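Chain A is already provided as a structure; the job is to place chain B on it using the hints.
Chains as they are written, first to last, in my numbering: chain A, 1 to 112; chain B, 1001 to 1114.
None of these hints come from the bench; they were simulated from the model. All values reported here derive from a predicted model rather than from experimental measurement. None of the hints are false.
With a Cα cut of at most 30 Å, we get these calculated BS3-like pairs of lysine-lysine:
#1 A:K56 <-> A:K68
#2 A:K99 <-> A:K70
#3 B:K1011 <-> A:K107
#4 B:K1011 <-> A:K99
#5 A:K36 <-> A:K56
#6 A:K36 <-> A:K67
#7 B:K1017 <-> B:K1057
#8 B:K1011 <-> A:K36
#9 A:K68 <-> A:K107
#10 A:K67 <-> A:K99
#11 A:K56 <-> A:K70
#12 B:K1057 <-> A:K36
#13 A:K36 <-> A:K70
#14 A:K70 <-> B:K1057
#15 A:K68 <-> A:K99
#16 A:K107 <-> A:K70
#17 A:K107 <-> A:K67
#18 B:K1057 <-> A:K99
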Amino acid sequence: GEDVEQSLFLSVREGDSSVINCTYTDSSSTYLYWYKQEPGAGLQLLTYIFSNMDMKQDQRLTVLLNKKDKHLSLRIADTQTGDSAIYFCAESSSGGYQKVTFGIGTKLQVIP
Amino acid sequence: GAGVSQSPSNKVTEKGKDVELRCDPISGHTALYWYRQSLGQGLEFLIYFQGNSAPDKSGLPSDRFSAERTGGSVSTLTIQRTQQEDSAVYLCASSSDTNSRDYTFGSGTRLTVV
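Chain A on its own, in the form it takes in the complex (with noise of 0.2 Å):
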């Protein structure tokens, strides 16, 4: 079945670049996702990037796919205090609907 790992928690000092990793084990995933959830709130979709791509540059977002290695990962340039978030990876698999599997959840820490 499809798993998706990444690590517990990161911390980084305010304007530090920030790199959140994840490994996935499903080799049909077809969309690979990053969403952001704040104390409270739901989840909310910050980038995905399709498997044909390697990378995906969105501001201050870049998202890089080692698609051989099944390796995601998310870095943040100029990380802010408002970026303190846990960070979930997620993938889907094209062919019937779209489940999407998350993994557990990186809490980033920003210090000021």
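Just chain B, lined up with the frame of chain A:
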């Protein structure tokens, strides 16, 4: 509505009681999903609706859990004879179709069984 609305936002119930959690998806979204978020467990898929039918209910943890959707809109997740291990945040998401990247989550219902 403008977003996915869930109610109640918080629910405390006694062990053994039944609870109903409600999800009001974005208007026009045909697909609806329930997830459970437990401490240290990530998001656990429970059930998926397309319209009023549930093609995938493989994530429901036991027969105490059931869900329905009426009119292709509001969905209710019912937990009978609640147990302490049912304590979690129950999240609902909806999307405009089954192959869509516009998955939108509600803020969740925090269920505490005492």
